[in-house]
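Spelled out, the chains give:
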Amino acid sequence: MKQQRMLSVLAASVALALALPATQAAAGEKMAANATLVRGNGAEVESLDISQIESQPAINVGDDLYEGLTTRDTHSRILPGVAESWKQTGPTTWVFHLRKDAKWSNGDAITAADFVFSWQRTVDPKTATQYGIFFEFVKNGKAIMGGKQPVTDLGIKAVDAHTLEITTETPTAFLPDMLANPQMAPLHKASFEKFGKDYTKPGNLVSNGAYRLKEWVVNSRLVLEKNPYYWNAKNVQIAKVVYNPTESEESVLKMYQAGQLDSVDRTPPGMYQKLVSDSPKEMHNNRILGLYYFSLNNQDAVMKDKRVRQALSMVIDRDILTQKVLGEGQVPMYGLIVPGTAGAAVSSYDWSKWPMAKRVAAAKALLAQAGYNAGHPLAIKLSYNTSDLHKKVSLFLLSEWKSKLGVSGSMENQEFKVFLKTRHDGNYQIARNGWSVDYNDATSFLDLVRCGSDQNDLKYCNKKVDALISQGDQTINPAKRAGFMTSAAKLAMEDYPMIPLFQYTYPRMVKPWVRGWNVPNPMDHYKTQFLSIVQH
Amino acid sequence: MLSYTLKRILGAIPTVFVVITVCFVMLQLTPGGPFDRERKVSPEVLANLQAKYHLNEPVYKQFGFYLNNLLHGDLGASFRYADWSVNSLVANALPYSLTVGGTAMLLSIVIGVLLGITAALKQNSLVDYFVMFLGNFGSAVPSFIIGPVMILVFCIWAKALPFGEFSLTPAYLILPVALLTLINVATLGRMMRGSLIEVMHSNFIRTAKAKGLPLRVIVLRHALKPALLPVVTVLGPLAVSSVAQAVVTETMFAIPGVGRLLVNGAINRDYTLVLGLVVLVAVMTVLFNLIVDIIYATLDPRIRY
Amino acid sequence: MFSKAKRQEMAQNLGGTLEAAVVEGRSPWKDARIRFKRNRAAVISLVLLALIGLLVVVGPWLLPNTFDDQDWSAGQPYGPTMAGWHLFGTDDQMRDLLVRVLMGGRITFLVGIVGSFVAVVIGVSWGAIAGFMGGKVDALMMRFVDVMYALPFMLFAILLMTFFGRDLFQMFIALGLLSWLDMARIVRGQTLSLKSKEFIEAAHAIGVSRLSIIFRHIVPNLLGVVVVYATVTIPNVILTESVLSFLGLGVQEPMTSWGVLVENGAQHMDVAVWMLLFPAAFLMVTLYCANYVGDGLRDALDPKDR
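Residue numbers (the working numbering), protein chains in the order written: chain A, 1 to 536; chain B, 1001 to 1305; chain C, 2001 to 2306.
Don't take every hint at face value.
Below, computed lysine-lysine pairings styled on DSS-like, alpha-carbon distance capped at 25 Å [as the list claims (entries may be wrong)]:
id : chain 1 : residue 1 : chain 2 : residue 2
1  : B       : K1159     : A       : K421
2  : B       : K1225     : C       : K2030
3  : B       : K1052     : A       : K274
4  : B       : K1225     : A       : K148
5  : A       : K142      : B       : K1052
6  : B       : K1225     : A       : K459
7  : B       : K1040     : A       : K421
8  : A       : K304      : B       : K1052
Don't read these hints as lab results, they were simulated from the structure.
Model, not experiment: these values are computed from the prediction.
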């Protein structure tokens, strides 16, 4: 019981920190009145239906339109959202108290039933959500999506109009973090039932976030205006947000330079250093919870030899890769868990500190033991999907292997979906891969190495690793849990199932009068309500 | 002519049907489906999605389902853009593509024919070489170079034109229309030059010359019509590619048109969207070629249908 | 490609009408040569093309650098320098750009020639047969062309790759298959108007077989248009190749082509403009030359020009 009290999060203190208005103006500057923010969004959103939101562009818009029980600021801190406080009442049960002044964009009050309705609708097999990951943690979520149980069995109950009880499958310490995502937001039952599948259209959509939908023309623009009924509307400074769906990174940057966009979500590859030196104040390079790695097919005839996998991983000079080949501030990685991830410590290989000559010598010895030498050199094939970044990294790997180990390699690029199929089906030897977390917890990364996990393209399986993960899953004490997860990640990486290369960064450009971006934001959500614009 | 036109339009129905069938089969065979993501979806989620889009039914049933909807004028719901029907996506994109592509077509016909005539009449002179240098620019320099340089010069350095959210206003139309025109002129100008030179060497023109008719009259009254024949032949395909397949131009200038939809559709394996656009392209091809053939028949009285 | 006798026969047909026989003492080929030489731009272009071709073939053997070795010890990508024979500088991957441009030229020359040749052969045969046969055959053949127009190119390329694998030969076939449609339409159109000409009807009357009318009497009279349009096809084929590479069909890194180099250069033009300028200059000069040579060839093959 003592443990549980320690665990319970009393949100009141957090609420105080949040109440600060979003003013980020320096002395002598004034906030702009009636400000409009034009955001380069990278692509057209696939949907504004919370059960279908899946891609980054749609999440960006969803973050402005919808608010869950919790919310996430630009520091990736979890703050009270529709819920003003919450408490973990048991290993797998949580109670959320909704604020009484929370309203929909048409003025209706938000009640606990709206959440229950929303979640039950999303997990309903008939709804066919594109993105069920979060709901797999809610009790019975996976079974309901599989059509095995009725939606009413979902682990969410309205105790009264302003109290929700949520039950999870396993002790889920990161539940408040998960609840900040737009997919977990409430749904306005009356408008949904009135308009059916057209409920997300401008004029029909009733949402509960800081903004509401004003206009939406596919591939052209998506306009949001401030939601006057939003409970924290007094702290929302930007009056209007325009999302621009242009895909071409080159064109987006030119629009920014031509003064038509206030922000660029991703700068084109190779441009980072020039942009930093040209306009250092406008460049913000955000390090995210994402790992760039190469998958090794652990059941491939050649790659199933651990010595080969280890040798290939050892000789890659990640410093040259990140500093010279890519040069966008990426952090070299020698393990599964990237810095900043909750729920496990970062681990790295001992040899990462060795001088390169020693690493090469050790790798050569490993290859020799595996039966490869000058007369019988190792030959490998590397696959990647067409993109400048992946091409650069692939070429660099091949060059490292060729020059340091005498490995003869070939590479083939594929169209994205063809590549995904190849990799998911395991029809590869070495393949480009990357992972960024959906929720801030080590288990998201551990999914990559768990036996039979959907995300395990490596065909790797170590029962001991799985045992450690499930032990961790059942542990409530955060420190002990992190201990299990850290050992699981470490143990897995000692098998060399993959070649970790670096932690992702997202270089962004934002006009100097937009404030609130330039902070470390590992989850990479930028809700417009936490940004502001000064007079310019 | 009317009965011919009707016959051709009726004859187009089997063409469109074949196009749909072939494209349907192609989509089925293409590796990677609409729900393949970097993050693999769980089997439960995949099963639900497939059921929603009828992908769990036998292929012939899916095909029948699609055809039935098509007969009712419904191109179905988009796989990718879940909130929109293909009908509304196409209806939204078409005006942009028609305006940009159509304007460019008209301009390039006028400019291409004029350049071709100038070069042909001054064959093998510096004027000829210079005119063809201009005319061929659009084919010798790839559009993905011309476009960005145009934007850089006019929108960023000179700040003479805006570059942001595209709209159907002259300021936004100038550059994409210019780019498409450059590309098309390269084809039309060269075709025109070649065929006019050939016509100018034929016997009936020699006779006209011998009669002492002024060059202007010879060209306008006698040579132009037959010389336009091969040029007219490429107008159909050129119009289709300018309107419905101007992918590079639409991507570069962020035009919310048909070409961009088609590429996004193919990338996302958005089956219904791709099929819908393919139907559109097929109908356009048939329509434009029909118009061309009718023009052709009026230009060349020897051709009968 | 053709036997000597056949070539002579074809050359005679170039004359098309009876006029050919009237001119004495000059073979039609000589005539053609003279007409070609009258087009000075075409002559200069032909010489330039030959020089570029030679450079591309011989250059990589003479230069000390390779097209695929990366040298990261030298720091960041740099522009043209005399040092180490990096006359064009390096690309973003620290590889010598000069050798890459020359190696890419080999592929691009091959692609341009073979790809357009396949397109011309298919397009001309298809169009001539359809136009000459007329009626149901024509309708069927041209509707086939319409169908091909409408099919999305990207899926087509992906499917070709999936079912036939990826190599250079596949790519040539794919390129040819993707670019013959316009040619077929043009040739058909021209055939329709030639069909009713006197000499064709004469050939009919004396009982020449249909196939030989098509290929001996009609096609030679179309060569002007065909040559002009073939040179329109070349840039298309060359740029389509870079799209195919994008889709994974055809040239794979570290091998390259001008289309791929230029596209990569366009991406880096703000930071390394030489990566765009050198390959683009080669591509541009080559395409212009091909166009002028095409015009010259058209003049030379013009059956009516004497």
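For each hint, the structure was consulted:
1. Between K1159/B and K421/A the alpha-carbon distance is near 45 Å, which puts this suggested pair outside the 25 Å criterion.
2. Restraint check for K1225/B and K2030/C: not satisfied, since their Cα atoms lie roughly 31 Å apart, outside the 25 Å limit.
3. In summary, the hint linking K1052/B to K274/A is not supported, as the alpha carbons are separated by about 48 Å, beyond the 25 Å threshold.
4. Proposed proximity of K1225/B and K148/A is contradicted: the alpha carbons are some 73 Å apart, above 25 Å.
5. The straight-line distance between the Cα atoms of K142/A and K1052/B is roughly 18 Å, inside the 25 Å bound, and the hint therefore holds.
6. Between the alpha carbons of K1225/B and K459/A the distance comes to roughly 68 Å, so the proposed pair goes past 25 Å and is violated.
7. Between K1040/B and K421/A the CA atoms are separated by roughly 10 Å; this keeps the pair inside 25 Å, and the hint holds.
8. The suggested pairing of K304/A with K1052/B is violated, with an alpha-carbon distance near 39 Å, which exceeds 25 Å.
Checked against the numbered hints listed earlier, the structure breaks hints 1, 2, 3, 4, 6 and 8; every other hint is satisfied.
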